[in-house]
Amino acid sequence: MNQNMENANNYLLRVDDLKTYFAIKKGLLRRTVGFVKAVDGVSFRICPGQTLGLVGESGCGKTTVARTIVRLVPATSGRIVFEDTDVLSADKSQLRKVRRNISLIFQDPAGSLNPRMTVGNIVGDPLRVLEKITGSELADRVAILLTKVGLAADHINRYPHEFSGGQRQRIGIARALALEPKLVICDEPVSALDVSIQSQILNLLKDLQEEFGLTYLFIAHDLAVVKFSCDVVAVMYMGKIVEQADDKELYGNPLHPYTRALMSAIPHVDPSLRGKRTALGGEVPSAFEPPKGCPFHTRCPLAEAKCSEQMPPFEKKSDHQDHFVACWKANGK
Amino acid sequence: MDDNNTALAVENLATYFFLEEGVAKAVDGISFKVKKGRTFARVGESGCGKSVTALSIMRLIPDPPGRIVAGKIVFDGTDLLVLDEKQMRHVRGNKIAMIFQEPMTSLNPVYTVGSQIVEAVKLHQGKSDSKAWSDAVRMLERVGIADPARRAREYPHQMSGGMRQRVMIAMAVSCKPDVLIADEPTTALDVTIQAQILDLLDELQAQNNMSILLITHDLGVVAERGDDIAVMYASKIVEKAESGPFFAEPVHPYSQGLLKSLPQLNLSPKRLSTIAGTVPEPLHFPTGCKFHPRCSTGRNDKRCQTTEPQLRNVGHGRQVACWHAPGYETNEERAEYESKYGKRQ
Chain R
1 MNQNMENANN
11 YLLRVDDLKT
21 YFAIKKGLLR
31 RTVGFVKAVD
41 GVSFRICPGQ
51 TLGLVGESGC
61 GKTTVARTIV
71 RLVPATSGRI
81 VFEDTDVLSA
91 DKSQLRKVRR
101 NISLIFQDPA
111 GSLNPRMTVG
121 NIVGDPLRVL
131 EKITGSELAD
141 RVAILLTKVG
151 LAADHINRYP
161 HEFSGGQRQR
171 IGIARALALE
181 PKLVICDEPV
191 SALDVSIQSQ
201 ILNLLKDLQE
211 EFGLTYLFIA
221 HDLAVVKFSC
231 DVVAVMYMGK
241 IVEQADDKEL
251 YGNPLHPYTR
261 ALMSAIPHVD
271 PSLRGKRTAL
281 GGEVPSAFEP
291 PKGCPFHTRC
301 PLAEAKCSEQ
311 MPPFEKKSDH
321 QDHFVACWKA
331 NGK
Chain V
1 MDDNNTALAV
11 ENLATYFFLE
21 EGVAKAVDGI
31 SFKVKKGRTF
41 ARVGESGCGK
51 SVTALSIMRL
61 IPDPPGRIVA
71 GKIVFDGTDL
81 LVLDEKQMRH
91 VRGNKIAMIF
101 QEPMTSLNPV
111 YTVGSQIVEA
121 VKLHQGKSDS
131 KAWSDAVRML
141 ERVGIADPAR
151 RAREYPHQMS
161 GGMRQRVMIA
171 MAVSCKPDVL
181 IADEPTTALD
191 VTIQAQILDL
201 LDELQAQNNM
211 SILLITHDLG
221 VVAERGDDIA
231 VMYASKIVEK
241 AESGPFFAEP
251 VHPYSQGLLK
261 SLPQLNLSPK
271 RLSTIAGTVP
281 EPLHFPTGCK
291 FHPRCSTGRN
301 DKRCQTTEPQ
311 LRNVGHGRQV
321 ACWHAPGYET
331 NEERAEYESK
341 YGKRQ
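If you read the protein sequences in the order shown, they are chains R and V.
So in this note's numbering, spot 30 of the first sequence is number 30, and the numbers just go up one at a time.
So in this note's numbering, spot 10 of the second sequence is number 10, and the numbers just go up one at a time.
A hint or two may mislead.
[To be verified] Cut-off 27 Å, straight-line C-alpha distance, at most; resulting in silico cross-link-like pairs (BS3-like, lysine-lysine):
hint, chain 1, residue 1, chain 2, residue 2
1, V, 260, R, 248
2, R, 148, V, 270
3, V, 270, R, 206
4, V, 95, V, 131
5, R, 316, R, 329
6, R, 248, V, 270
7, V, 260, R, 206
8, R, 19, R, 306
9, R, 148, V, 260
10, V, 270, R, 182
If you are wondering where the hints come from, they were derived from the structure by calculation, not from laboratory data.
Construct the complete structure from the given sequences, taking the supplied hints into account.
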């Protein structure tokens with residue numbers, strides 16, 4: 001109990017050894033023949049006002065982590081503590097409270113807005129349903145939200161199709177902020193947007209964080225975007241976090257061979273940044289039959305016998321505080 | 001001499017879509033040359049006409065509502081736009097091949113990947129079934145697919161995104177095309193796979209002296225793989241240059257804005273620089289220079305608001321369409337401007 005109180009003070013969100021498995025069913029009787037371990041022992045903490053970046057390639061489980069946190073997907077095991085509520089064992093009313101304080105921004109702004117609803121209804125519905133605000137007060141609140149995200153108050157009666165991609169993402173952000181959440185989960189918020197619009201939205205998210213003291217869980221595959229937006233970065237590979245550190249340390253001193261390969265694979269505009277490319281052979285193994293030991297050993301340039309037998313522990317391997325890595329071969333002085 | 005180096009020349013191409021709401025000028029008078037053995041990269045944001053240009057070259061514009069209303073596409077001494085469909089079929093997929101962004105939607109889900117490659121080889125090169133099949137297997141091997149004989153008998157859904165893109169490339173290069181049009185070939189892929197696919201394209205280009213028309217929105221990819229660059233904005237090319245000079249010193253305010261707005265790994269700015277506003281839609285293009293409402297210099301300039309600048313040579317092999325670019329304006333134009341609107345600082 002005591003320990004719980006302490007955590008509540010330090011962290012807004014605590015995730016401990018989270019596992020989310022999906023059963024694979026086969027045959028006439030739909031017997032479970034195996035599991036896809038989408039999230040396999042993930043732990044992290046987010047302090048209030050901080051942005052934690054979760055990076056990884058498609059299928060690494062980053063979105064499943066987000067969905068498990070708000071219980072859109074049932075967790076298999078582990079613990080999620082939001083403020084002082086244990087999310088996984090929360091009852092209906094507790095869960096409601098949690099979900100009110102955690103909102104989501106999605107990748108595809110077109111797909112996450114109902115085309116038959118006006119902007120006013122999209123942004124105002126959370127307020128109407130959960131806070132019972134109606135009439136002119138509702139209209140005022142929506143108008144304020146729209147101007148906060150850089151839209152005009154008179155956009156309120158328009159429909160999503162009348163907006164460009166960047167503007168639609170702004171509508172999604174306004175909806176996410178309507179209930180004044182504490183944590184906002186941004187799931188690839190800019191990857192569907194054009195370059196010139198992407199920077200507008202990234203700036204907006206930063207401004208709103210400052211203004212409202214928001215905490216972000218920022219999910220993305222683009223390391224440069226994550227570097228700009230995040231304070232702490234966790235790199236995921238096949239359902240596990242393989243490296244985690246604050247942004248300066250991670251980008252300045254990446255230790256895991258996967259993190260290094262990811263960074264070297266980014267095409268750079270500035271020729272002076274083009275280092276030697278660590279060519280990564282092969283592809284991400286199938287999630288149905290994950291490799292034994294370290295999941296990265298099949299593609300790792302440093303792999304040796306031990307790597308294919310035992311999963312390395314997630315431990316501190318650098319002088320730097322809070323730089324953790326799961327690799328037998330990583331050696332950070 | 002110049003013609004010997006040119007694999008594909010597009011001259012003044014204009015492709016319009018005739019819609020109920022009006023005429024959408026998706027591509028409006030663009031010219032460029034793809035040189036032999038080189039990669040010509042076209043950058044631009046969504047809706048700027050990059051893909052419509054590619055489809056126009058392949059003559060795959062859906063008609064109606066689209067139509068190529070003007071221009072020439074010269075390949076191997078002939079204008080592709082005057083060929084009939086039968087002649088065009090000989091060029092398409094054979095001499096000029098194309099790979100698309102989404103390999104899943106461009107592969108047929110009900111045929112094995114091997115049989116889809118065989119179809120192209122048989123059609124264009126008249127090979128026998130067994131010869132074509134062994135060709136297909138060899139192509140799969142060349143694009144880096146392990147165990148190609150087994151993979152050739154598999155269906156697209158049994159493969160990962162990266163592998164499907166390799167299959168698309170195998171199919172596209174199976175007839176040894178002179179020009180490969182790659183429309184966002186790696187946009188749907190992860191960065192580590194993207195690097196593999198781009199390396200593969202480089203390799204195939206070197207082996208066959210193939211020209212590549214690379215269409216992408218990713219400036220990093222362009223900087224690393226493009227030899228010549230054209231930046232498109234609102235249906236037109238606004239800047240064209242060789243890759244080195246372009247990235248060292250972009251001239252058009254839009255090119256500058258794009259490069260500056262990218263988050264970089266070596267910098268930690270508090271805020272990113274942005275381009276104000278949004279990309280205009282073809283039905284509602286602004287008057288004058290189409291970029292002027294978003295341009296910090298041109299927004300309040302009367303000439304930028306009313307008169308559209310055309311692409312002009314400004315030296316060092318660079319072409320640009322901007323009244324404010326150094327060396328763009330002639331003396332007469334400057335005098336005319338100043339007599340009309342007063343002295344410029």
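Which of the numbered hints are not met once you compare them with the structure shown?
No numbers; nothing is violated.
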